[in-house]
Amino acid sequence: MTMANLSQRNTTKLVVWSLLVAYVFLSGISLALRGRNRNLESEENLSNLSNLRNLASKENVRPTYDMSCPLAMIEYIHVGQQIPEAARYSVQSGAQSVITEALESDALTDRKIIMIGDSNMRQVFSSLSCIAHTAGFWKDDNAYTAGTMPGYYPGMYYDARLNLKGGLGEVFYSPTAGNIQNYGWTRDTPLQGNEDWLQNCRDRKPFYLDTYTYDAPNVGQTYSENDDRFEKVLLGGKDVVFINAGLHLNARDQNMVHLLELVDCMKAFKHDGEDPGWPQIFYVRSNQQHFNNADEGGAFPISRNGPTTCLESVDIEKNSFFRQDKATFQGKLPMVGFDLDLGGVGKLHIGMGGRLDCSHWAMPGVPDAYAREIAAAILTIGLED
Numbered sequence: 000m001t002m003a004n005l006s007q008r009n010t011t012k013l014v015v016w017s018l019l020v021a022y023v024f025l026s027g028i029s030l031a032l033r034g035r036n037r038n039l040e041s042e043e044n045l046s047n048l049s050n051l052r053n054l055a056s057k058e059n060v061r062p063t064y065d066m067s068c069p070l071a072m073i074e075y076i077h078v079g080q081q082i083p084e085a086a087r088y089s090v091q092s093g094a095q096s097v098i099t100e101a102l103e104s105d106a107l108t109d110r111k112i113i114m115i116g117d118s119n120m121r122q123v124f125s126s127l128s129c130i131a132h133t134a135g136f137w138k139d140d141n142a143y144t145a146g147t148m149p150g151y152y153p154g155m156y157y158d159a160r161l162n163l164k165g166g167l168g169e170v171f172y173s174p175t176a177g178n179i180q181n182y183g184w185t186r187d188t189p190l191q192g193n194e195d196w197l198q199n200c201r202d203r204k205p206f207y208l209d210t211y212t213y214d215a216p217n218v219g220q221t222y223s224e225n226d227d228r229f230e231k232v233l234l235g236g237k238d239v240v241f242i243n244a245g246l247h248l249n250a251r252d253q254n255m256v257h258l259l260e261l262v263d264c265m266k267a268f269k270h271d272g273e274d275p276g277w278p279q280i281f282y283v284r285s286n287q288q289h290f291n292n293a294d295e296g297g298a299f300p301i302s303r304n305g306p307t308t309c310l311e312s313v314d315i316e317k318n319s320f321f322r323q324d325k326a327t328f329q330g331k332l333p334m335v336g337f338d339l340d341l342g343g344v345g346k347l348h349i350g351m352g353g354r355l356d357c358s359h360w361a362m363p364g365v366p367d368a369y370a371r372e373i374a375a376a377i378l379t380i381g382l383e384d
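Here the sequence shown is numbered in numbering that gives the first Met the number 0, starting from 0 and rising by one per residue.
No wet-lab data here; the hints were simulated from the structure.
Check the hints yourself; a few may be wrong.
[Stated by the list, open to error] Taking lysine-lysine and the DSSO-like style, the derived pairs with C-alpha atoms no more than 30 Å apart in a straight line are:
1. Lys164 <-> Lys237
2. Lys266 <-> Lys231
3. Lys317 <-> Lys204
4. Lys111 <-> Lys331
5. Lys317 <-> Lys237
6. Lys266 <-> Lys346
7. Lys231 <-> Lys331
8. Lys204 <-> Lys231
9. Lys204 <-> Lys269
10. Lys266 <-> Lys237
11. Lys317 <-> Lys331
12. Lys266 <-> Lys138
13. Lys164 <-> Lys266
14. Lys111 <-> Lys317
15. Lys269 <-> Lys231
16. Lys237 <-> Lys204
17. Lys237 <-> Lys111
18. Lys269 <-> Lys317
19. Lys138 <-> Lys269
[To be verified] For each label pair, taking beta carbons as the anchor points, the in silico distance ranges come out as:
20. His247 <-> Ser223: 20 to 28 Å
21. Lys317 <-> Asp271: 21 to 29 Å
22. Ala293 <-> Asp271: 46 to 54 Å
23. Lys269 <-> Val218: 25 to 33 Å
24. Arg354 <-> Thr379: 16 to 24 Å
25. Lys331 <-> Pro275: 37 to 45 Å
26. Phe337 <-> Lys231: 16 to 24 Å
The C-beta atom is built at its ideal place from N, Cα and C for all residues, glycine as well.
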């Protein structure tokens, strides 16, 4: 790629981002939420942004990030029924200080962080990236690529990568990395590369991640090995994968089976000294939901008919996803986020908006606590190196 093309691409990327920010604050058209039959007027969003800043100022709560972060998503930022409370939760979680500490240490130097999971993990990736942006740890405002999805909210993406400054490494959100997981998504599916970590393990070969280059436009593309918008990124022993099986019932159990196969394969060959330098894998606790299903700890119900608000509090020990996580991976993988007390934060979900959403969170908010736990795990790895 020539310098002229690179300059043109960078200019295009900055223009797209600028238009997105302008859209958030100035547009008056309706935004259709992905597959949820939920419309939010941008005027209402603008009002939410203004109200948040006013309330935050009055209550001495300053949001940890906003739509000035290129990897923030309008679907989640300052959307919800308890926006100031979500912002306060973010601040009180201590996420900013822990993430900043991880970035200021050597824990991330020359290390690649790969985050695998469904849209809840995407929220965590966005949180980690945007807190790093607020703290000034991006290489620059153009040091990212995001495969955005036409027809969704502006700026909504499946796959993304971020380059941190000063050799601090990279952070990736890649839902299908390694061909380990799928989620039953049928519309604008995420990047499907050719990498196969389980087969690589069986062949005792290194893992690769098929992903967008930093020169690629911020639009989702169909993968091709001969397309210079993509590259194979080699993963090594310093790199870390944070994975969650997701909450999509049509794919979750199979995702767990595939991950267990990979973990068992890696363990067997490492025991025999045949590890070519595979990354470390951590399992992240499944997202805590607060649907009107108290007997199952708020887990997604068979029907959403009934109450139009999320339960404020549930017993997480009754949650089938939480129990399954522990039963499947405890002792198999290092676990992240299982000490989080999320039973009583139901009001911090997005909540009502045409269809009840007691799974995704207002941001800033609870995803920042998950991001803090990931940063704490990275700090631990840094100390062990």
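TODO: State the violated hints by number, sorted upward, taking the hints as numbered earlier in the document.
DONE: Of the numbered hints, 3, 5, 6, 12, 13, 14, 18, 19, 21, 23, 24, 25, 26 do not hold.
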